[in-house]
Structure formats: C-alpha cells, structure tokens
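Chains as they are written, first to last, in this note's numbering: chain P, 299 to 425; chain F, 16 to 181.
Simulated from the structure, these hints should not be mistaken for laboratory data.
Any given hint could be a false lead.
What the hints assert, rightly or not - Listed below are the simulated DSBU-like cross-link pairs for lysine-lysine, each with C-alpha atoms no more than 35 Å apart in a straight line: (1) P:Lys309 - F:Lys168; (2) F:Lys69 - P:Lys309; (3) P:Lys312 - F:Lys168.
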Amino acid sequence: MPEPNDEQFEKYLKNFRPVDPEPLPVRTKKHAGGASSRSALAACAVACLAAVALVMIVLPRGPKPDNTQEPSAIPNNAQHTEISMPALTNLALDDHAAFDKFMTDEVQTQFPSMQSEQSALRVLAQE
Amino acid sequence: MPPTDQSMPGIEGLYRQYGGPLLLFAISICGESSRAQDAVHQVFLKLMETDGLKNALDTKAYLFASVRNALLNDQKSRQRHVAIEPDRLWFEPPDRDHAAEQNLRRALQSLPDDQRQVVVLHIWGELTFSQVAEILSISANTAASRYRYALAKLREAMLVKENSNA
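Take these sequences, add in the hints, and give me the full structure.
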C-alpha cells in the first residue's frame, strides 16, 4: 500500500462502518400505544360477547314453551333441532337458504303461534 | 454544526442513525463491547423516558457526551480498568476484508485513550473539532493536535502491519 496523504487515509478509514448496536431492549414508542389498542380489543371482545348473549336469549336452549293451550300451526313432525353456536354461524355463512329455513323453524317453535285466532299476539296486533 | 436530526423520526431514528458510531466510541472508552452496548442502551432508554433531547442544542454531540458520561459513571462505580477485548469486531469491513478490520482495530487499540477517542469522534462520529472538544472537555486546538498525532500513529501502525503481512 503506498503511503497515503491524510485525506486519502481518512477516506480509507471511513470505508469501515462501525458495527451497529443490538436493538433497544424495550418496545419503541411506535408500539407504545399498546394501551389504546388493548382497550379497542377489549371493547371488541365485549361487543362480541354481548352479541352472542343476545343470540342465546333469542334462541334459548331450555325446555320448549308449553304450546298445549294454543293450537299450533307447526306440524307434529317438526322437530326442534339443537345446534351449536359455531355450527349456526357456519351455516349462516355457508348456506343462507338453510340458515333462513332453520331460523324460521326455530322462531315457530320458540314463540307463540300467530296462526290461531286466539293467539295473543294476533289479538294484540289487531288492536 | 446545527442539529442534524430534524428529519429523523424521534429517538428510534437517532438510534438507527448514530448507534454504530456511538457504540464504537463507547468501546474506544471502556474497551468492552457488552459494557459499551449497555451504556448506549442506557442513554437511549433514559432519553425515551425523559424526553431529554428537548433542550439539547446539538443533538449529535449531546448523544456522544451522554454515552461518555454514562461510561465514566460506570467506571467510577466499578473502580477498575477493563482491558480492550482483542477479538470482537468493531467494524463491518469493506469487501469483507476482515484482515483489514483486524489491522485497523489493533492499530486503534495501540493508541492512547485520549487520542483514540478523538479519532473515533472525528472520523466515524463525523464531529467537528469544536464538538469533540466540548464532549471531551478540552480545547479545539488540543483536539486537533491529538487527532493529527493519532492519525500519524494509526497510519504507521497499519502500514507496518500490512508490510509485515506482505
């Protein structure tokens, strides 16, 4: 190597780039807004739970209401089908027609019939 | 020199921009990579907590001075001198010339501490002699003088090494 002058030698030295340090051992400020994102997630989870609870209320799994005093328009062979919530969700997403049919059947088994002349709902609706 | 970080996105950007030279400067003071790394981290973590750069007129010089102070405080608490590690890489060499990197590292290690720090601050920290002088609490003339001596020794050490390898 020929003897360089100061300027050349400085340039040569600058070709060597100092090794970078390891990343800082904390999450940087860019990610520090975790509190607000956690709140949003929590709110989302609460909303989902509320929606599930609402669906559970509309579609109770308990014993069927006693329809013996009201003549029912439901055929005797209509069976109340138990279906889990994930399966119901899948049905809603995958097969709209089947889902609609299921929901219609479910409503007819869960609520008093409006077909009968004596139906309280029918009377109330007329009023 | 005016602050150079105006376009950088905060502390993280400064860390990316100056992390390498700051680490090298820290190694040139304490000689130990892990301690140097700790000192650089300590400075930046503190800055994140306190937003301490608000009042700094010269951000870059402030960072180098902070790293130096952190190491000096640490050295006081340890009350001992640690020898420079011989085999840790200090640089990413051009063209993967690791022999040249080792040659430069050894030449830097052979310099007196005060001269080594001036060289590192001026060449890789890209600080002016006025800034170097402020960081090291010396005059600008002293900084320039130490730099000239150091550069001459460095060149001599590297040439001798290269010639002995040839």
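- Query: Looking at the structure, which of the earlier hints fail to hold?
  - Reply: No hint contradicted; all consistent.
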